[in-house]
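Undergrad: Top to bottom, those sequences are chains E and A.
Take the position in the first sequence, starting the count at 1, then add 33; the result is the number in my numbering.
Take the position in the second sequence, starting the count at 1, then add 33; the result is the number in my numbering.
Hint data in this document are derived by calculation from the structure and do not stem from the laboratory.
Heads up, a few of these hints could be off.
One copy or two, either will do: identical chains are not told apart, so a pair holds if it fits within one copy or between any two.
Claimed, not checked - Listed next, the in silico DSBU-like pairs over lysine-lysine satisfying Cα-Cα at most 35 Å (straight line):
#: 1; residue 1: LYS359; residue 2: LYS87
#: 2; residue 1: LYS77; residue 2: LYS359
#: 3; residue 1: LYS63; residue 2: LYS359
#: 4; residue 1: LYS63; residue 2: LYS87
#: 5; residue 1: LYS87; residue 2: LYS77
Protein chains: 2
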Amino acid sequence: MTVSSLAPDRFPDMPAIAGLGLATAASGLKYTGRDDMLLMHCDKGSSIAAVFTKSDTAAAPVQWSRDALASGHPPAAILVNAGNANAFTGSAGTATVTASATGMAQRIGCTPQAVLLASTGVIGEPLDSRVLEATFDGLVADIGQNNSDENGSDNASDNASNDASNNGGDNWSAAAAAIMTTDTFPKGASTTCMIGDTTVTLSGIAKGAGMIAPDMATMLGFIATDAALPAPALTQLLRTATERSFNAITVDSDTSTNDSVFLVATGAAGNHAPTSADDSILDEFVAALDRVMQDLACQIVRDGEGASKFITIDVTGATDDAAARKIALSIANSPLVKTAIAGEDANWGRIVMAVGKAGLGVDQSRVGIAIGGITVAADGMRVEGYDETPVAAHMAGQDVAIAVQIGDGAGTSRVWTCDLTHGYVDINADYRS
Amino acid sequence: MTVSSLAPDRFPDMPAIAGLGLATAASGLKYTGRDDMLLMHCDKGSSIAAVFTKSDTAAAPVQWSRDALASGHPPAAILVNAGNANAFTGSAGTATVTASATGMAQRIGCTPQAVLLASTGVIGEPLDSRVLEATFDGLVADIGQNNSDENGSDNASDNASNDASNNGGDNWSAAAAAIMTTDTFPKGASTTCMIGDTTVTLSGIAKGAGMIAPDMATMLGFIATDAALPAPALTQLLRTATERSFNAITVDSDTSTNDSVFLVATGAAGNHAPTSADDSILDEFVAALDRVMQDLACQIVRDGEGASKFITIDVTGATDDAAARKIALSIANSPLVKTAIAGEDANWGRIVMAVGKAGLGVDQSRVGIAIGGITVAADGMRVEGYDETPVAAHMAGQDVAIAVQIGDGAGTSRVWTCDLTHGYVDINADYRS
């Protein structure tokens, strides 16, 4: 598969997260010649938060992880497979997730509820846990081996237990590649920030290219930090950042059965632990988490199936942020808007249509539209002496910016999407995902 | 433009509606070598009902017609133009509709509020009323001429007044062609039924191919009957039939600024007038109106931009009809479902995804799916011994039937849609509509 023309030049440099181990393996379930399993193993004392798809047909691993998190067991590992979503698989699917978590728990020495699961791939096909389980010994040994390499220890097998001190090293690139399905490039992002006088690192990977929409679509995200953060604060931080990142992107308005984003905090950095997510000591961390998650979310849009344009939509002046988000998504999800942009056609009337169909009671006589910073319409009609030339020039570029002013209040929203091209039809008329 | 492969073999035979006159003309506004104006002129004593787009950015002619209907003036004519939607045109757009209605009213001898308007075409471009008005004398003369031909009268000009007795003759085909934009074929349907012991006729035309979704998208529909029906009953009949026809179709989930459906009853048949829409004397009429409107709605789907498959989606067992409709539309509007069908891929997992994303709290362990009458999944998982061969054979045909059983209640809904193909991208990346 050709790499998206909107892809970043290269996978970023991503430092290890102290207290986290990464290992990948090939199950042979669907793909040949590539890894399709990822084990993220975290030290004792780590905390974890996650958000999941709101789909009524949530997959078995989503149900497992939701229940496991609710049980309150401290986390030991996240196990991921690509190629089969284990969704709409009934009791067989439940048996598979139980067997997978139990099998991994036995090997790393924890309770099954300490093993969280995520799957992505085809829906409705039975997933045989034995195919996954055949990779478990290797995955666990690799975690140990990697730690042994990094830590200079000879005792690889011991390190594979939950008592070991993990250090994922430069495995992020392999981890990001192992979770891909229709993705054309692996997605990673990393940054550092201060919590008090301690430097902490955040590194994350994600996958997703189609079936991307709020809430989250066929999208998996795994972010880890060495910061010490109690689980309740972690959960609130993740929810807020998800709204501003993965829930602010859309490729095709379709929402998947398997979307999951996990945030692991190992605590290895030894920072002063905050009292809550609102503690001002976390101001830099909040911004850093936004940076990493928005970077990952935008990479997913840049890998949108068939995408040739990266589109940023800003809505301002709505009655509130929720109204602004609705209007922004109505524009971002409109097939007519997306095809017009694919055709580099400055057909701003379709933006008007999308604002109207959001159905929020907007007074069109106050609505204004700008494309690429050029005002096209104001106060409910095209501007006097409108010249399409600079707008057409903007639309010929890879990055398209649409701004809509509603004139009703102070609500704002920014969402990202891509265009709808022949490539999307090609990929989705052929690929069974 | 190539005619859709799903088009009917030919335009149907459509009888004249006594009391209704039809005339078409070419304004030269956007198209060359074709008519783009339609005048429907109805006798005194006619009643009219209409439903309009719910868009916040409803076009000037929609606002005009809504207000004119609310004023309670008896109808004299509907004036339609294709090529410019007169939408998002601000005060200039309002001036245009006022001038158009006034200019036509002067010629046919009625108050401006007796002239209803509909427009379709590009959004946001000013529409010069003088270009339309240049066709008015000819349109009015043609109405007279047609009546003169039909009625054997020599007095064409007198017949053009609202006092004349109209008979649209076989102009339906020309009328249907004059209102087309991206349509590849004109759309008409006709039937007869009894009201008491009187035979009445219903004939209708429609246009629409893209931007089609509840509520109604770039869709215009004009249905006329010679039945005598008071306006309040007519309004209720139209609303109910619209829910089961034009609001049960979707091409691309986009809703237009200009959607309007008009139902005119001239009363020329002289039937016993019902007391209300619920009067049992109307049972046959209700069914006949459903037939005509569903026929027109399905023709719009068959002309869906780039459509190669006609898809019928039945949802049963939902908590209520509204829930069933939501689930059916979630499936019908899913780009992933529509591209899979374009690719003749029996990828039923995407139907599961679409059921889930509707977010109605469905219990997936009771959900079943059938394609082409073949049960694919039941009770939340693929059926034992599933054989894809007959499903794939069904999907290779032009008509695809999807049935979803929810298992929660007695709510049902049927909607129609088409697939998402390269043709859709071709048309919409190029055409400015």
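Undergrad: My question is about LYS63 and LYS359: at a cut-off of 35 Å on alpha-carbon distance, are they close within one copy, between copies, both, or neither?
TA: Result: close only across copies, 34 Å inter versus 38 Å intra.
Undergrad: Treating 35 Å as the Cα threshold, decide for LYS359 and LYS87: within, between, both or neither.
TA: both (17 Å within a copy, 16 Å between copies)
Undergrad: Within, between, both or neither: how does the pair LYS63, LYS87 come out at a Cα-Cα threshold of 35 Å?
TA: This pair counts as within: shortest intra-copy Cα distance 27 Å, inter-copy 46 Å.
Undergrad: Is it within a copy, between copies, both, or neither that the alpha carbon of LYS87 lies no farther than 35 Å from that of LYS77?
TA: The answer is within: 30 Å in one copy meets 35 Å, while 56 Å across copies does not.
Undergrad: I want to check one pair: LYS77 and LYS359. Are their C-alpha atoms no more than 35 Å apart within a copy, between two copies, both, or neither?
TA: neither (41 Å within a copy, 46 Å between copies)
In this structure, the one hint that does not hold is number 2.
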